[in-house]
Structure formats: structure tokens, C-alpha cells
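K.L.:
Go by the hints and put chain B onto chain A.
Protein chains: 2
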Amino acid sequence: MADGERSREGFVREITDPDEDYSRWYQDTVTKADLADYGPVKGSMVLKPYGYAIWEAIQAGLDRRFRETGHRNAYFPLLIPESLLTKESEHVQGFAPEVAWVTQGGQEALSERLAIRPTSEAIIMTMYARWVESYRDLPLLINQWCNVLRWEKVTRPFLRGAEFLWQEGHTAHATGDEAQEETMRMLDVYEEFLCTDLAIPSVKGRKTESEKFPGAVATYSVEAMMGDNRALQTGTSHYFGTRFAEAFGIRYLNRDGELKLASTTSWGMSFRVIGALIMVHGDERGLVLPPRVAPTEVVIVPIASGETAQDVIAEARRLASELSGAHRVHLDDRAEFTPGWKYNEWEMRGVPLRIEIGPRDLKEKKAVLVRRDDRTKAAVSLDGIGPAVAAALSDIQANLLRKASASLAERTFRVKHRSEMNAVLTERRGFVRGGWCGEASCEREVKEATGGTIRNLPLDQHDVSICVACGKKATAEAVWGRAY
Amino acid sequence: MADGERSREGFVREITDPDEDYSRWYQDTVTKADLADYGPVKGSMVLKPYGYAIWEAIQAGLDRRFRETGHRNAYFPLLIPESLLTKESEHVQGFAPEVAWVTQGGQEALSERLAIRPTSEAIIMTMYARWVESYRDLPLLINQWCNVLRWEKVTRPFLRGAEFLWQEGHTAHATGDEAQEETMRMLDVYEEFLCTDLAIPSVKGRKTESEKFPGAVATYSVEAMMGDNRALQTGTSHYFGTRFAEAFGIRYLNRDGELKLASTTSWGMSFRVIGALIMVHGDERGLVLPPRVAPTEVVIVPIASGETAQDVIAEARRLASELSGAHRVHLDDRAEFTPGWKYNEWEMRGVPLRIEIGPRDLKEKKAVLVRRDDRTKAAVSLDGIGPAVAAALSDIQANLLRKASASLAERTFRVKHRSEMNAVLTERRGFVRGGWCGEASCEREVKEATGGTIRNLPLDQHDVSICVACGKKATAEAVWGRAY
Numbered sequence: 422m423a424d425g426e427r428s429r430e431g432f433v434r435e436i437t438d439p440d441e442d443y444s445r446w447y448q449d450t451v452t453k454a455d456l457a458d459y460g461p462v463k464g465s466m467v468l469k470p471y472g473y474a475i476w477e478a479i480q481a482g483l484d485r486r487f488r489e490t491g492h493r494n495a496y497f498p499l500l501i502p503e504s505l506l507t508k509e510s511e512h513v514q515g516f517a518p519e520v521a522w523v524t525q526g527g528q529e530a531l532s533e534r535l536a537i538r539p540t541s542e543a544i545i546m547t548m549y550a551r552w553v554e555s556y557r558d559l560p561l562l563i564n565q566w567c568n569v570l571r572w573e574k575v576t577r578p579f580l581r582g583a584e585f586l587w588q589e590g591h592t593a594h595a596t597g598d599e600a601q602e603e604t605m606r607m608l609d610v611y612e613e614f615l616c617t618d619l620a621i622p623s624v625k626g627r628k629t630e631s632e633k634f635p636g637a638v639a640t641y642s643v644e645a646m647m648g649d650n651r652a653l654q655t656g657t658s659h660y661f662g663t664r665f666a667e668a669f670g671i672r673y674l675n676r677d678g679e680l681k682l683a684s685t686t687s688w689g690m691s692f693r694v695i696g697a698l699i700m701v702h703g704d705e706r707g708l709v710l711p712p713r714v715a716p717t718e719v720v721i722v723p724i725a726s727g728e729t730a731q732d733v734i735a736e737a738r739r740l741a742s743e744l745s746g747a748h749r750v751h752l753d754d755r756a757e758f759t760p761g762w763k764y765n766e767w768e769m770r771g772v773p774l775r776i777e778i779g780p781r782d783l784k785e786k787k788a789v790l791v792r793r794d795d796r797t798k799a800a801v802s803l804d805g806i807g808p809a810v811a812a813a814l815s816d817i818q819a820n821l822l823r824k825a826s827a828s829l830a831e832r833t834f835r836v837k838h839r840s841e842m843n844a845v846l847t848e849r850r851g852f853v854r855g856g857w858c859g860e861a862s863c864e865r866e867v868k869e870a871t872g873g874t875i876r877n878l879p880l881d882q883h884d885v886s887i888c889v890a891c892g893k894k895a896t897a898e899a900v901w902g903r904a905y
Numbered sequence: 422m423a424d425g426e427r428s429r430e431g432f433v434r435e436i437t438d439p440d441e442d443y444s445r446w447y448q449d450t451v452t453k454a455d456l457a458d459y460g461p462v463k464g465s466m467v468l469k470p471y472g473y474a475i476w477e478a479i480q481a482g483l484d485r486r487f488r489e490t491g492h493r494n495a496y497f498p499l500l501i502p503e504s505l506l507t508k509e510s511e512h513v514q515g516f517a518p519e520v521a522w523v524t525q526g527g528q529e530a531l532s533e534r535l536a537i538r539p540t541s542e543a544i545i546m547t548m549y550a551r552w553v554e555s556y557r558d559l560p561l562l563i564n565q566w567c568n569v570l571r572w573e574k575v576t577r578p579f580l581r582g583a584e585f586l587w588q589e590g591h592t593a594h595a596t597g598d599e600a601q602e603e604t605m606r607m608l609d610v611y612e613e614f615l616c617t618d619l620a621i622p623s624v625k626g627r628k629t630e631s632e633k634f635p636g637a638v639a640t641y642s643v644e645a646m647m648g649d650n651r652a653l654q655t656g657t658s659h660y661f662g663t664r665f666a667e668a669f670g671i672r673y674l675n676r677d678g679e680l681k682l683a684s685t686t687s688w689g690m691s692f693r694v695i696g697a698l699i700m701v702h703g704d705e706r707g708l709v710l711p712p713r714v715a716p717t718e719v720v721i722v723p724i725a726s727g728e729t730a731q732d733v734i735a736e737a738r739r740l741a742s743e744l745s746g747a748h749r750v751h752l753d754d755r756a757e758f759t760p761g762w763k764y765n766e767w768e769m770r771g772v773p774l775r776i777e778i779g780p781r782d783l784k785e786k787k788a789v790l791v792r793r794d795d796r797t798k799a800a801v802s803l804d805g806i807g808p809a810v811a812a813a814l815s816d817i818q819a820n821l822l823r824k825a826s827a828s829l830a831e832r833t834f835r836v837k838h839r840s841e842m843n844a845v846l847t848e849r850r851g852f853v854r855g856g857w858c859g860e861a862s863c864e865r866e867v868k869e870a871t872g873g874t875i876r877n878l879p880l881d882q883h884d885v886s887i888c889v890a891c892g893k894k895a896t897a898e899a900v901w902g903r904a905y
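Heads up: the sequence lines are chains A and B, in that order. Per the working numbering, the very first residue in the first sequence carries number 422; after that it's consecutive. Per the working numbering, the very first residue in the second sequence carries number 422; after that it's consecutive.
Same shape as in the complex, but just chain A (with noise of 0.2 Å):
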């Protein structure tokens, strides 16, 4: 038994320091804040309880969302005919090199290879060009909650893997006008919930055509900034124009009973977002989670020892009680472990909030607050603690919004000349502003020079006169960044 304690008690410290090496701090983060583990097949991954409950926690908060803006959800079958996949050729193009194929169902063979979805724009348009047929129809606003499956070579547990947990909507339009107007509406949900429930703020922008999603007509992102100043891409919406309704025959009649294309849009977020919410606010000590997505906001832990320990246990749970209609509370009354190491543990799940009572403090009236944000400690009177706990859940949601918006402001660097491009990008201290001459072969030869690529080309632009990366005149305003 005491082995088994030291070995938990290492298991806890054992973190690797983020300054000296930021790729084994994320994966040491990921295993001992118990959000994942690695999967028997390379590069596949199990989601724990704990990852699992901010998962849902993060599909709660978007699906509000989605409903509000009119979706409703559905499901749609795993496997794709490898004739529905190729009917857009684009598409297929971008994600055949990495799709899982079944061959055998049972013993036999199948003579058509099967997909397991990589994306599920191949299904579903073929099922709204069968439920589409008049104006009535349209718009066709559907979301899917499910997991797909990418074959990738290199994987990084929540960022890159095999399979993934998603959601994807599906919307089918009368006009492109409509279409368009969806695109920018999910693009906007993503970047609000990013903001209000993860506290994460984000680049809204534009793809370049080499970065867009295969088959779009246009490709928005929402970009965010992690704790090693490298951009993760952390949700997309696309346009499709008519390109879809084409390749899969979605038409309708019109008012005037005119057969018309219908346009399309997919926008999807992952469970990536859990590697930025690790990335964004995490720090030495392991995970800060926001409290709107903790799956505990507020642990309690009685220092309990000697002949007040069942007193200070007593009020721990009434605390816990007390607190419990407002917030998610865990009491941790476990006997075998100190409170020095329940404190380790909770800051390495990332736990808002944790309340230390002990035996002064009950004499007292007090308990002890202690923000996993900032580490500061206040002690409250037990009276008015409702409200305390309450202000500081939602401080420390403020706060980590403003902390990781000023980290963004303060390493986008607005750039001029290319030295300067040059020095951010390969030193990785941050994203870079800057005018873009439109040329994929200008954003080619930045990326192979520096490995920085165009994460977007920002909504809000500012002014620019000519290209930092080649000097020709500038199209539009881009931000690059080394990206995850």
C-alpha cells in the first residue's frame, strides 16, 4: 500500500517543464491530468472519464448554440461507397490518401471498397439530393455529433489522430446568398463559444485556396494562439457554392417551379479543442480548465486530523452540499492521502477552485479559496461563501479570457519587412500580421523558409500596401504562424 501511494505521489509531480519542453509537458498534461491514454493501434487514443465529461461539457455548450441558429440533429451511416466519395473530385482528391478502407464484411469480400466517413459530406449530400425536392425543402439545417477517422502518419493525442470525436453540420440553401450567410453564422457561433465558454480568443479569417477544405469554394477558420505561440486551427466552416449540389444532384423547384441548384455549407469542431483549452491555459502545474467546462469548478478539502478531524469532515460536507445547487462540487474526504497531495492533484486536473477548511478555520467561521488561475488564497467567512465562490468561478472565467486575448495581442507582431517575418516565424514568438501578394507560390516559399504558413486572411483588415514575404504589391492583410 505505501508503495502504491509513492508511486501515485510521483506520478503526480512527474510533469515535464513546459519552458524546457513544451511537446512532453502537453503529452505528461494529457496522461496525469487523466484526460486520455494511448490506444492499442499507433496513434489511437482513449478518452477518459475525465477528458470524456469536458467533451461533453464542450458538446453541451455548442449544441445549445446550434439549436438556437435552427439545427436540429441526426446520424448518418459510418461507411461511404467508395462511388459516392469520388463523385466530387476535389473532395475525394483531398482525402483519399488518408482514408481507412473495409474490403471484408463477414467472410466475404466486398466488391465495392467501403470508407470509414473521414468527412461526411459524401452521405449526407447524397441523402439531401433524395429529401430535397421544392423550395418548401430548403433550408436543410442538420448537425452531426459523431467520430471519423483520418489515416495520419504523425499523431498528437486530441490534436492529430486516427479518429476523432466531431461535430459536422449540414446545411442545404435556396440562394448562395443564404448559403454564404450560414457559413459566416456558424463561423461566428464558433468564435463565441470559443471566447464565452473556453475563454479562448481567436482569429476569424479566411483560408488561402492552398489551406481550404477539399471541394470548397471558400474555407473560414477560427484561429487560436497556444501556450508555445503556435497556431492550432480550432474550427471550419466552408461554403460550397453549388459545387456539391452539383456533384450529388441536390435540385429544387422554385416558386416559379423552376429547377434550381441548391448551395451548401459543412462546419465542423473536434475534440482538438481540448488540446487548445490544454494549450491555451495550462501551465507548469498541469491543466487550468475554465470553470464553464470543468467538470469540477469547486473541490473541497478538509484538513482533517486529531480529535477535530470528524467536525472539520462534518462541515466540509455541508459546505459541499450547500454549494452543490449552483455549482459541480467534488469532496475529497479520502483518508489515505494528505492534503498537500490532494492540492497537487486538483491543480493538475486543472480544478477552478479549491476550498481548504481545517480545524482553525472552523473555529473561525472560515474557509480558505484558493484560485487555480492565479493561486491566490483568500479566506471568506462560511456565511456569505455562496456568493464568494460564485464571484470567484466567474473572475477566474474572466480572467482567463483576458490573460490568453492579451497574450494573443501582445505576440501578433504587425510586420513590414520580411527579416522581420523571418525572426517571428522561426523563433516561433507568435503570429504575424502583414500584406499578401495573393500568390501560393509566395506562401509556399515562406512556408519551406521559416515553416510558418498563412493561418487566415483575417475578417478585419487592416491597411496594407505590399507583401512582407516578396515585396509585390499586396491583396489582402494574412496571418501567418506556425501552426499545430
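Just so you know, the hints here were simulated from the structure itself, not pulled from any lab data. Accuracy of the hints is not assured; some may be wrong.
Lysine-lysine pairs mimicking DSS-like chemistry, simulated, CA-CA at most 27 Å apart [what the hints assert, rightly or not]:
no., chain 1, residue 1, chain 2, residue 2
1, A, K508, B, K868
2, B, K784, B, K798
3, A, K463, B, K508
4, A, K868, A, K894
5, A, K798, A, K784
6, B, K894, B, K837
The following label-pair restraints were derived from C-beta to C-beta distances [what the hints assert, rightly or not]:
no., chain 1, residue 1, chain 2, residue 2, range
7, A, D442, B, T617, 38 to 48 Å
8, B, E602, A, Q514, 47 to 57 Å
9, B, K798, A, R676, 50 to 60 Å
10, A, Q514, B, S532, 44 to 54 Å
For each residue, glycine too, the CB sits at the ideal point set by N, CA and C.
P.N.:
Quick look at chain B alone, frame taken from chain A:
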């Protein structure tokens, strides 16, 4: 437009009489109540928004119960290496014939085939073997919501198909007794859920050797009776003893420092229960949903024409807003359909309660409540309509269970002679209860002769002396039926 309307009206009407062709009635109800559609791969199914909303209600009801019994959700990989699937020999023999195999990832052929999970024991037990070290890690109580795939030749929406949505609970315990207790606890959860939320009574019992889950020591099931008197297995709970722990190496150090094998269980319920909902409560007009899982509990249809139309619609809106605090309410104020057409449509979709309100009702400050279950109408004052609606819904829920329970009781025959047994089973008049000798050969003979199988050996055993099938000494009471 007129054409579109006519064809829609026809669509709602064209439902096969269940007494004429039950199977076609079922398929008509599935598609015409807009629950699901057929996918492009043979046997695949698309769960449409209305069907998915019912599944979400079912998930919510089960998930709450799983949490209350101490379980947490997690997510394990979709793909299981063949070498893991074969670790438990009975398990692989049972599932191998219906596994879909991934043999190619991207452009390469895989060195080992990967199974799309037909169930997740193999992968979850592999992880448990890693996670369990000491008695303090037990019990491990995890549930997973996911898709699974079984390559079936014969398919039928919701009931039998390649891919289905389900939950699978997997638990590991220190002792066999605890695991056995968990097995029965979850069987009880299923029975109570079916009864309380879905208004479906069921027979709880133990499966015979020939019908148990591949690899289980014992399988228990809840069996419900459908509208055509056939049985549907709606949930199963398996006790594995130490079989899987031995095959996968799940060992723990007990309090005395000895290395012991864990005992495990699994239990699952799938969207097959939507099939049960259709077949237990449905009638010649389509679906009948119990209020607890109805996406829309109350539909309001204004009868609005002529000069009072606007007043009627305004009152219907007010009513919708008044009732929507307590119930899921939909106001159908579409101008292009007649009230009669709407009645048909919402009856087809099984909405439990309809409120009709027209000009005369408005004048008399009344509305008419029409129940879907017995189609009775009642005029109620607009003043006290909230309580009247709540009472009606609660009575509908209770009445559906009462009717289904009466039907199960009436169509369960305690028989003493083989001739009676044969008559019930071959004429599909219901369940047969009686003594069984315990021999698989006898069970097989009955199946060949009548198409009936032992659904389970019910937990509430009556005294029996001889086997109804073969006349030998009985070892237990069994329930026979023709099963889906």
C-alpha cells in the same frame, strides 16, 4: 405547388394496415413518421432528426440512471486489432462472422486487420488491464455511447442492421459477487427505464447457454412483446466472471498484497428500443409516443380561416408560450395545410396530445384536447388548461403502460402440453411459459418445429414439474416466443 401538396397528403395516408402486413406497416411507420431513411449501402440506415430526437430522449433517461448508479462515460477506439479480438476464444467465435474488417489505411495495406468494433470488450478489457493495479482501482464503472457494426445479411430499420447506436457499460470488480450484483443492478435499471420512460413492460430473465453472449458466464435480458406478439430482446446484461480478466490479464493486488483476477460485466441497450416503441404502442395511424420520450408532447393546431383567423392564431401562440414552460410544445400554424391534414401528420408522428382551437372555442374561451393514445376528445377551459394538459400527458403515459402490460399478460400463456405450445408459437399468438428440461437439444427441436426460441428463464420462477416441450423432468420455467 398543388401537385406537391397532393403527393404529400398521399404520403401521409399510405400506411399499410398492421393487421394485413405487420412488417410493411412497421417499415411505413419508420419512414412516414420521418424517423429514418435507408442509406446507400444495403442495410444501412439514416436516423433523421425526428428519430434522432427520440434517441436523445432515450439517452438522457438512461444516462441519468447510469450516473445515479455510479458510472462515468468514456470513449474507446472504433478499430480493434484482430489479435485483441481473438484473445477470448468464445468471444471471437461468436463475433468473427459478422465483423467488418479494415485492411487498408490510406495507400498502404495494413499488416494486421482491424475490426470495426462489433462490441468493445476486447479493447476496453485491454485498457482495464493497464489501469487496474490494486483493489483501490476497483470497481471500475464505465459506460460508452457509440456506434458499433455487425455485418448482418437480413436488415430491418432499428431492429437489425449493420451499424447501430448504443451504449455499452463495462465494469470490473474485486469479487464475482460484486460483479454479479452489478449485472443484476443494470438489468433492473433497464427494466425500470423501459417501464417508466418508454411504457414498455418486459420479462427479466437469464438466457440459456445457446442464446448467451459469446464469452459470458451468464447473460440476462429484458424481453418485450411487440404488437404482432413477437418478442424483442431490448437490453442485455452479462456476467463474465473472471473469463475476460484472464484472457486480457486484469489483475489487482488485494488488501493482503495477493494478486487476484478481477471479475467483469458488460451491459447494453441500443436504438433498437425505438423499434420496440413503434411496435408496442403504434397503431393503424402510425406512431404513438409516450410523453416522456416524445420530442413534441403537445402540438397546437389553430383552426383559422375567415375574419377571426388572426385572433385564433394569436390565441394559439399565447397558448404555446404558456405551455412551453412545462412541456415540449409545437405550434403548427402553417397556412398551406388544412387542419385535417395536420391532424393526420401529427398522429402519424405519434405526438401524444393535440390541442385544437377554432373561432367558436375562442368565443367560449375553450380548446379541445385530443389524445393520441385513445383518440378521445375533451373540451377544456383556457383558464385551467395548464393543469389539464399536464394531467392528460401523465394519464397517457400511464395508460400506454397499462395497455402494454395488459397485452403482455393476455398474450402470455401458461401451458402444460406440447400441443398448446405449438399452437401459440406457430400461430404467433404470444409468449409461452412452462417447464423446460434444460437440454439444448430440446430447445433446438422446438425452434425447428415452431420457430420459437427460449427468450429467457424468467427471474420470477413459477413451480414447474415437467418440460412442456419434451415431457422430461423440468429444471426451470422458461418463456418461449418467436423473436425479432
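K.L.:
Next, verify each hint and record whether it holds.
P.N.:
Evaluation of the provided hints:
{"no.": "1", "hint": "K508(A) - K868(B)", "in the structure": "violated (47 Å)"}
{"no.": "2", "hint": "K784(B) - K798(B)", "in the structure": "holds (19 Å)"}
{"no.": "3", "hint": "K463(A) - K508(B)", "in the structure": "holds (19 Å)"}
{"no.": "4", "hint": "K868(A) - K894(A)", "in the structure": "holds (19 Å)"}
{"no.": "5", "hint": "K798(A) - K784(A)", "in the structure": "holds (19 Å)"}
{"no.": "6", "hint": "K894(B) - K837(B)", "in the structure": "holds (13 Å)"}
{"no.": "7", "hint": "D442(A) - T617(B): 38 to 48 Å", "in the structure": "violated (53 Å)"}
{"no.": "8", "hint": "E602(B) - Q514(A): 47 to 57 Å", "in the structure": "holds (55 Å)"}
{"no.": "9", "hint": "K798(B) - R676(A): 50 to 60 Å", "in the structure": "violated (38 Å)"}
{"no.": "10", "hint": "Q514(A) - S532(B): 44 to 54 Å", "in the structure": "violated (27 Å)"}
The structure does not agree with the numbered hints 1, 7, 9 and 10 stated previously, though it agrees with the rest.
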